[in-house]
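K.L.:
Sequence:
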Amino acid sequence: MNRKIRITKKFDFETGHALHGYDGKCRNVHGHSYKLYVTVIGTPIQDPNHVKNGMVIDFTDLKEIVKSEVEDVFDHATVFNKNTPHVELAKELQDRGHNVILVDYQPTSEMMILDFAEKIKNRLPNHIQLHSLKLQETSSSFAEWYASDQE
Numbered sequence: 001m002n003r004k005i006r007i008t009k010k011f012d013f014e015t016g017h018a019l020h021g022y023d024g025k026c027r028n029v030h031g032h033s034y035k036l037y038v039t040v041i042g043t044p045i046q047d048p049n050h051v052k053n054g055m056v057i058d059f060t061d062l063k064e065i066v067k068s069e070v071e072d073v074f075d076h077a078t079v080f081n082k083n084t085p086h087v088e089l090a091k092e093l094q095d096r097g098h099n100v101i102l103v104d105y106q107p108t109s110e111m112m113i114l115d116f117a118e119k120i121k122n123r124l125p126n127h128i129q130l131h132s133l134k135l136q137e138t139s140s141s142f143a144e145w146y147a148s149d150q151e
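Each residue of the sequence shown is one higher than the last, beginning at 1 in our numbering.
Some clues are possibly wrong.
Okay, derived cross-link-like pairs now, DSS-like style, lysine-lysine, Cα gap no bigger than 25 angstroms in a straight line [what the hints assert, rightly or not]:
{"#": "1", "residue 1": "Lys9", "residue 2": "Lys63"}
{"#": "2", "residue 1": "Lys119", "residue 2": "Lys9"}
{"#": "3", "residue 1": "Lys10", "residue 2": "Lys63"}
{"#": "4", "residue 1": "Lys4", "residue 2": "Lys121"}
{"#": "5", "residue 1": "Lys134", "residue 2": "Lys25"}
{"#": "6", "residue 1": "Lys91", "residue 2": "Lys25"}
{"#": "7", "residue 1": "Lys119", "residue 2": "Lys134"}
{"#": "8", "residue 1": "Lys4", "residue 2": "Lys52"}
{"#": "9", "residue 1": "Lys121", "residue 2": "Lys52"}
{"#": "10", "residue 1": "Lys67", "residue 2": "Lys82"}
{"#": "11", "residue 1": "Lys9", "residue 2": "Lys121"}
{"#": "12", "residue 1": "Lys63", "residue 2": "Lys121"}
{"#": "13", "residue 1": "Lys121", "residue 2": "Lys10"}
{"#": "14", "residue 1": "Lys9", "residue 2": "Lys67"}
{"#": "15", "residue 1": "Lys119", "residue 2": "Lys67"}
{"#": "16", "residue 1": "Lys35", "residue 2": "Lys63"}
{"#": "17", "residue 1": "Lys10", "residue 2": "Lys35"}
{"#": "18", "residue 1": "Lys119", "residue 2": "Lys82"}
{"#": "19", "residue 1": "Lys63", "residue 2": "Lys4"}
{"#": "20", "residue 1": "Lys4", "residue 2": "Lys119"}
{"#": "21", "residue 1": "Lys10", "residue 2": "Lys134"}
{"#": "22", "residue 1": "Lys134", "residue 2": "Lys9"}
{"#": "23", "residue 1": "Lys121", "residue 2": "Lys35"}
{"#": "24", "residue 1": "Lys25", "residue 2": "Lys35"}
{"#": "25", "residue 1": "Lys134", "residue 2": "Lys4"}
{"#": "26", "residue 1": "Lys119", "residue 2": "Lys35"}
{"#": "27", "residue 1": "Lys35", "residue 2": "Lys67"}
{"#": "28", "residue 1": "Lys82", "residue 2": "Lys25"}
{"#": "29", "residue 1": "Lys121", "residue 2": "Lys134"}
{"#": "30", "residue 1": "Lys63", "residue 2": "Lys52"}
{"#": "31", "residue 1": "Lys63", "residue 2": "Lys134"}
{"#": "32", "residue 1": "Lys10", "residue 2": "Lys67"}
For the record, the hints were derived by calculation from the structure and aren't laboratory data. Given the structure is predicted, the values throughout are model-derived calculations rather than measurements.
Use the sequences and the hints to build the structure in full.
P.N.:
Set out below in structure tokens:
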């Protein structure tokens with residue numbers, strides 16, 4: 001019998017970014033109060049002697065993975081695509097003590113969620129799979145990543 005269960009944990013962080021070459025307001029440096037919903041899937045441990053009996057994954061263990069890979073890195077940082085002239089602005093901000101992240105992609109919700117998915121997948125135990133991510137940028141806008149869409 002297949003007894004797969006999905007477990008979801010929500011994370012909140014504040015991140016600034018700018019979209020180089022964009023034709024709207026978001027070309028300017030601005031920030032969002034992001035909400036990241038991380039859903040993993042697995043079978044609950046069925047061993048009365050196991051400290052995690054009945055759990056797919058301990059929420060604390062999932063929190064540690066996402067916190068170290070995403071939340072602690074991106075919270076109160078400003079993200080720029082390092083392959084644009086924004087790299088000059090990034091250097092100026094870094095020189096003034098600001099937390100700046102330079103990435104190889106346009107820092108849209110779509111591209112950030114792809115980055116987060118890879119980072120989280122690489123840290124999950126072998127018996128747990130990343131099922132989906134939802135990255136909410138504003139109260140009405142979000143991007144979603146599903147493992148099933150990647151195959």
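K.L.:
Next step is simple, just say for each hint if it's right about the structure.
P.N.:
Evaluated hints:
no.	hint	result
1	Lys9 - Lys63	holds (7 angstroms)
2	Lys119 - Lys9	holds (16 angstroms)
3	Lys10 - Lys63	holds (9 angstroms)
4	Lys4 - Lys121	holds (18 angstroms)
5	Lys134 - Lys25	holds (23 angstroms)
6	Lys91 - Lys25	holds (22 angstroms)
7	Lys119 - Lys134	holds (15 angstroms)
8	Lys4 - Lys52	holds (16 angstroms)
9	Lys121 - Lys52	holds (21 angstroms)
10	Lys67 - Lys82	holds (24 angstroms)
11	Lys9 - Lys121	holds (15 angstroms)
12	Lys63 - Lys121	holds (13 angstroms)
13	Lys121 - Lys10	holds (16 angstroms)
14	Lys9 - Lys67	holds (11 angstroms)
15	Lys119 - Lys67	holds (11 angstroms)
16	Lys35 - Lys63	holds (14 angstroms)
17	Lys10 - Lys35	holds (7 angstroms)
18	Lys119 - Lys82	holds (19 angstroms)
19	Lys63 - Lys4	holds (20 angstroms)
20	Lys4 - Lys119	holds (23 angstroms)
21	Lys10 - Lys134	holds (9 angstroms)
22	Lys134 - Lys9	holds (11 angstroms)
23	Lys121 - Lys35	holds (18 angstroms)
24	Lys25 - Lys35	holds (21 angstroms)
25	Lys134 - Lys4	holds (20 angstroms)
26	Lys119 - Lys35	holds (17 angstroms)
27	Lys35 - Lys67	holds (13 angstroms)
28	Lys82 - Lys25	holds (20 angstroms)
29	Lys121 - Lys134	holds (15 angstroms)
30	Lys63 - Lys52	holds (15 angstroms)
31	Lys63 - Lys134	holds (15 angstroms)
32	Lys10 - Lys67	holds (11 angstroms)
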